[in-house]
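**Q** Sequence:
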Amino acid sequence: MSGVDPAAARLAMNAVRGIPRDRDGPVFREPWEAQAFAMALALQARGLFTWGEWASALGEEIKRAQAAGDPDTGETYYQHWLVTLERMVAEKGLSDLATLTRYHDAWDRAAARTPHGTPIELRDEDFAGPVGR
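Note that our numbering numbers the sequence shown so that position 112 is 112, with each residue one more than the last.
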């Protein structure tokens, strides 16, 4: 749970059903999952949404994914968490989906040109090219 406030994580785990966890707290398979979790904790702590609102939005996203064929094995849980985070950030007016998509695509281009083990840095040229996810 490195980098995640344990008290905030406990609040989230008590309010949001289904968070992958062990006896010590939430469990993440990849660093980005912990980062998405931490972003949601921070935004909730700042009053962007309540945990009830979050749980409802996340539940809706999971249902959408299942209807589209997600086998719901638990491996995609934080993908749904991230989509929910992006949607709520856009709905609350902190950003818009077009900007989020632009940065996502730029990050993908930067990651593709960056050798493994080297920090990824966004450059102006990473924002050029077709948009879409």
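Certain hints may be false.
Derived DEER-like restraints, expressed as beta-carbon distance ranges [what the hints assert, rightly or not]:
| no. | residue 1 | residue 2 | range |
| --- | --- | --- | --- |
| 1 | N14 | H116 | 20 to 26 Å |
| 2 | P31 | G74 | 32 to 38 Å |
| 3 | A15 | A128 | 39 to 45 Å |
| 4 | R10 | A128 | 41 to 47 Å |
| 5 | E121 | G52 | 22 to 28 Å |
| 6 | Q66 | D96 | 22 to 28 Å |
| 7 | A15 | E91 | 16 to 22 Å |
| 8 | R10 | G69 | 29 to 35 Å |
| 9 | A112 | A8 | 32 to 38 Å |
| 10 | L97 | E75 | 21 to 27 Å |
Hints listed in this document are in silico derivations from the structure and should not be mistaken for laboratory results.
Every residue, glycine too, gets a C-beta built ideally from N, C-alpha and C.
**Q** Each of the hints needs a verdict: does it hold here or not?
**A** Structure-based check of each hint:
no.: 1; hint: N14 with H116: 20 to 26 Å; in the structure: 38 Å, violated
no.: 2; hint: P31 with G74: 32 to 38 Å; in the structure: 18 Å, violated
no.: 3; hint: A15 with A128: 39 to 45 Å; in the structure: 41 Å, holds
no.: 4; hint: R10 with A128: 41 to 47 Å; in the structure: 44 Å, holds
no.: 5; hint: E121 with G52: 22 to 28 Å; in the structure: 39 Å, violated
no.: 6; hint: Q66 with D96: 22 to 28 Å; in the structure: 27 Å, holds
no.: 7; hint: A15 with E91: 16 to 22 Å; in the structure: 19 Å, holds
no.: 8; hint: R10 with G69: 29 to 35 Å; in the structure: 33 Å, holds
no.: 9; hint: A112 with A8: 32 to 38 Å; in the structure: 34 Å, holds
no.: 10; hint: L97 with E75: 21 to 27 Å; in the structure: 25 Å, holds
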